[in-house]
Structure formats: C-alpha cells, structure tokens
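Starting from the known structure of chain A, arrange chains B and C on it as the hints suggest.
Letter by letter, the chains look like this.
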Amino acid sequence: MFARLKPKSGLFYTLFTSSSQCIRNGAETLAGLTRPDADHAAVAEQMVELEHECDRITHELFQTLNSSFITPFDRSDIYVLGTALDDVMDHMEAAAQLISLYGVAEMPDKLIDVIATLETCSQVTAEAMPRLASMKGLQEYWITINELENTADNLYRTFLAELFQGSWDALTVMKLKDVADELEDAADAFERVSHVVESIVLKES
Amino acid sequence: MFARLKPKSGLFYTLFTSSSQCIRNGAETLAGLTRPDADHAAVAEQMVELEHECDRITHELFQTLNSSFITPFDRSDIYVLGTALDDVMDHMEAAAQLISLYGVAEMPDKLIDVIATLETCSQVTAEAMPRLASMKGLQEYWITINELENTADNLYRTFLAELFQGSWDALTVMKLKDVADELEDAADAFERVSHVVESIVLKES
Amino acid sequence: MFARLKPKSGLFYTLFTSSSQCIRNGAETLAGLTRPDADHAAVAEQMVELEHECDRITHELFQTLNSSFITPFDRSDIYVLGTALDDVMDHMEAAAQLISLYGVAEMPDKLIDVIATLETCSQVTAEAMPRLASMKGLQEYWITINELENTADNLYRTFLAELFQGSWDALTVMKLKDVADELEDAADAFERVSHVVESIVLKES
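Protein chains in written order, with the numbering used here: chain A, 1 to 205; chain B, 1 to 205; chain C, 1 to 205.
Only chain A is shown next, with the shape it has when bound in the complex (with noise of 0.2 Å):
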C-alpha cells in the first residue's frame, strides 16, 4: 500500500545506467555499417533490435517515475533525460535503416568520422550515467560531450558544403544529406543528455 512512498532511486540510476549502456551498443553496431563488407540490411535489423531494447528500458523509467512519490531529483528532469537519451538511439536506428533502405554503397570519409564521433560519446554517456548517483566527476563528462559536439557539428556542415558542389548527383545528395541529418541529431540529442545532467548537478551542488 505505501509503494509508492519507498523512494526507488537505485531503480532509476540502474534504468539511466541501461539506457545508455544500450546506446553504447548501439553506437558500435552503427560503425559496423562503415566497414567496406559490412551487410547493410542485418546491421539494420540489429539496430530495430536495440531500439526496440532501449524503448523497453525507457518505459520501464516512465513507469517507475509515475509510480514512484519520491524521486532522487526533478520529476520533469528525469523524464527529459528519459526521452533525450531514447532519442539518440531513435535517430541512430534511423540513420542505419535510411543507410540499408537507399543502398548506400559507400559511406563518405567526413561521414564515417561522424559515426566514429558518436561512438566515443556513446562511451563517455556509458561512463557518466553510474555516476549521477554520487553526483560526482561529471563536468568532465559534460565538457567533452560538448568539445565531441562541435567536432560532429564541423564535420556536418563540411560535409554539407561538400555533398552541393556537385560531385554527386542529385538523388544520392538527397539519400546522404537524410543520413547526415539523422546523424547529426544523434549528436545534439547527446548534448541534450550532456545538458540535462548538468542542470541537474547544478541545482543539486
């Protein structure tokens, strides 16, 4: 009956800590597309497959947080970091689907970079979530999510100068500029992660 009064913190830190460690295999099943023998459509599949794992992960968070009286920090707070890290597998998912679903032979240099940029935030999101528990060492996090951003964000927007110059044609420009995008949302959506634990941290210090 006083369910709901038990505060489930550890419950909420274990579903963050999941939810990223998913996005992390996620990130890695994504740079296996960049392989020149990668199987285009059975990293796509893999990809449903974590979506579809971190979908869980999130409604299990939703769930507990509506259940739950006490929370270990901002009801609206959880629920923004809930739905900005479901939305970097969402866009990632994306990007393998639209990569399989246009034949994509061959993944440009400047995006390859941008997937390997990914990669490395999905370690350090992987890394950081254990730590909102103790609310410690994570400006580290923060700043290099940030510096990771800018680097996904230069590379983007090179790539978009490049791709209008008139080397490709206009269908493959519009296939590449759709993955582009979708990649490029995966890395703010990271950011938004980024931004979320550091409100957080802030009104707790």
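No incorrect hints appear here.
Heads up, the list lumps identical chains together, so a pair's fine if it works in one copy or across two of them.
With a straight-line cut-off of 25 Å between C-alpha atoms, the simulated DMTMM-like cross-links for lysine to aspartate or glutamate are: (1) LYS136 / ASP188; (2) LYS203 / GLU53; (3) LYS177 / GLU106; (4) LYS203 / ASP55; (5) LYS175 / ASP188; (6) LYS203 / ASP87; (7) LYS177 / ASP87.
Read the hints as simulated data drawn from the structure, not as lab findings.
Just chains B and C, lined up with the frame of chain A:
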C-alpha cells in the same frame, strides 16, 4: 467567483471528442485527394478550414485548462493530448497543401495506402475519445493504433526505397518525399495520442 | 540564505528584453545577406556570435528560474518563452550558415521578402518585451505578429511552388528549400513567442 473550483470534466471529454471528430473529417477530406478527378486546390482549402476548426477546439481546451482548478486527469496529460491531436490535423493539412502547391498530378499507390491507413486511424481515434470518461475499453484502441502505425511506417519505408531507385526525376522525388514525410508525421502523431491515452489509463488503474 | 525567496521579477523582464534585442540585431544582420555585395562568410560569423550571446542570456534566464522561489508568472511559461526566443535566433543563424555554406550566390526575391518580414517581427517583439512588466498594450503586438507570420507563410508557400516549377536545377532547389525552411521556422518561432505572451496576459487578466 468559485467557478474555477467547479469540476468541468464533462467539458474536457467533449472537447477531446470534438477534436477527434474534426480530425476524422480531415482524414476523409484528405482521402478525397487520392481520387483521379480530385480538385486539389478545393480540397486544400477545405483542409485549411478544418485545421482552423481544430485550432479553435484546442484553444478552448487550453483556456478551459487554465481556468480549471480541478481537472479529470493530470494537467500535463491534458496539454500533451490536446497538442498531439492538434498535430495530427496540422500534418494532414500540410500534406494537402504540398500536394496542391507542388501540383502532384498522380499520387503513388503506396501514399494512397498511407492515406487510407490514416483514415482508419482517425475513425478508431474518434471512437475511442468518448470512452475517456469511463476509462473503459481503451486497450483495444491503443493496440489497433500501434498496428496501424506499423503499417503506415512500413509503407513509408518501402515507398522511400522505391522513390530513390531512379524511376522519378529529382524534383519529383523531392516533392513526393515532402508529402510522404508529412503523412508519416501524421501517423506518428496518431500514435502519440494513443500513448498519452495509455499512460492516463495506466495511472488511473 | 533567503535569496531564493526574494522576488527577482525585474531580472526576468530584463533578460526577456535583452534576448529580444539580441534577436533584433540578428535579424538586421541577416538582412545584410540580401545586399548584392554581402560578404556571406563574415555575416555568418557575426550570426554565430549573436547566437552565442542569445544562448548566454537564455542560460542566465534558466539559472535565475532554477534559483527563484517566486516568479512573476508560471515557471513553465518562463521556460517556454525563453526557449521560443532562443529558437528564433537558432533558426536565423542556421539560415545564415546555410546561405554561406552552400554558396547561395543570388537570393530569390521571395526569400528577401521573408527576411524583411522577420526583421519587422524582431522589431515588434523587441518593443513588446519591456511591456511584459506592466502587461499593458500587448494585444496589438500579438495581432501584428500573427499578421506578419501569415505574410511570411504565404511568401514561403508561393516560393515553394515557384521553386519546383523547373527553373532551377535540382541541387539549387535543395539548397534554397533548406534556407527557406529555416526562415519559415524562424517566423513560426516568433509566432510561438507571441502565443506564450498572449497566454500569460490572458491568465493574469
């Protein structure tokens, strides 16, 4: 003076139902575009009017929310549900505008199927909204919407793959992709509506 | 110790006004791009600086919000208003980047008109923000913004119809569509700002 304290639950249910009926009219009007002899400009104009009607309902919903002290369920759920319903109409109206504006002479089969799926979504949603008052018999609704959204999503993805296989010129590809994106966004918004309903019912049970 | 309890209403009004002034500078700088002899790279760089300045103001606004126990109006309205103002600047900056990045040599007339409309929006908004403190004389503001947004929307739609009529090659169409979309998003964000202001005023009256 105590008007703010008087529960207006009935008015909330009436407004959600009106919004969903307006959307069903919109989906049926949109489906008119897929007939070979359709007058695109006339349909686009009708869609603008329906979108304005839906806007007025959403506006009244938010005003009722602001002036009510007691609400039938979480204030933020009412806000999100109203916004998601409004989004459905916005995307369907935008699709109709683009079809008219771009002079899309012939609708591809897959897009006709997506529009038929949206029409079914709108009927299922309009039947479910009045059941919010009793909170009964809604599970079937959100399961059906989930299946319909999967159908729309598969149609959309198969269509994208077709679109870029080189049978259409680049400008036509761009136009049809824009239309397809708005239709897909409308399907996503229907799913968002069903997710809020699911979350409201689960909180109450 | 009781700093959190001291009302800081004045600071909120000052920050909203600063943000709107920064946006007005941004709109004027963006309008510089439409001159035949414009240095696109230089303008894009100025826009980045203005966008950073606007970011700093938004950041200070959110920090003030987090550290204030009493706020001049609903916390969520302050959040949404700050975000909407920030969005205006983001979209104008993104438009400037794309124009520079894509090497858009000649701006089409309709897009020049959209930018002029955004400039007027920015002036009207910067004049309205200081009036939030008294909540007086704001109705004219949101009516004007609504009209300006309709103007921008009609220009955008007419431009899209022109764009796809075959006078431009596919790559140019893609570039100009991207720029037009960002400008349209900026106009929408101005309207969102006015909607929040309207809702704040109506709640207080």
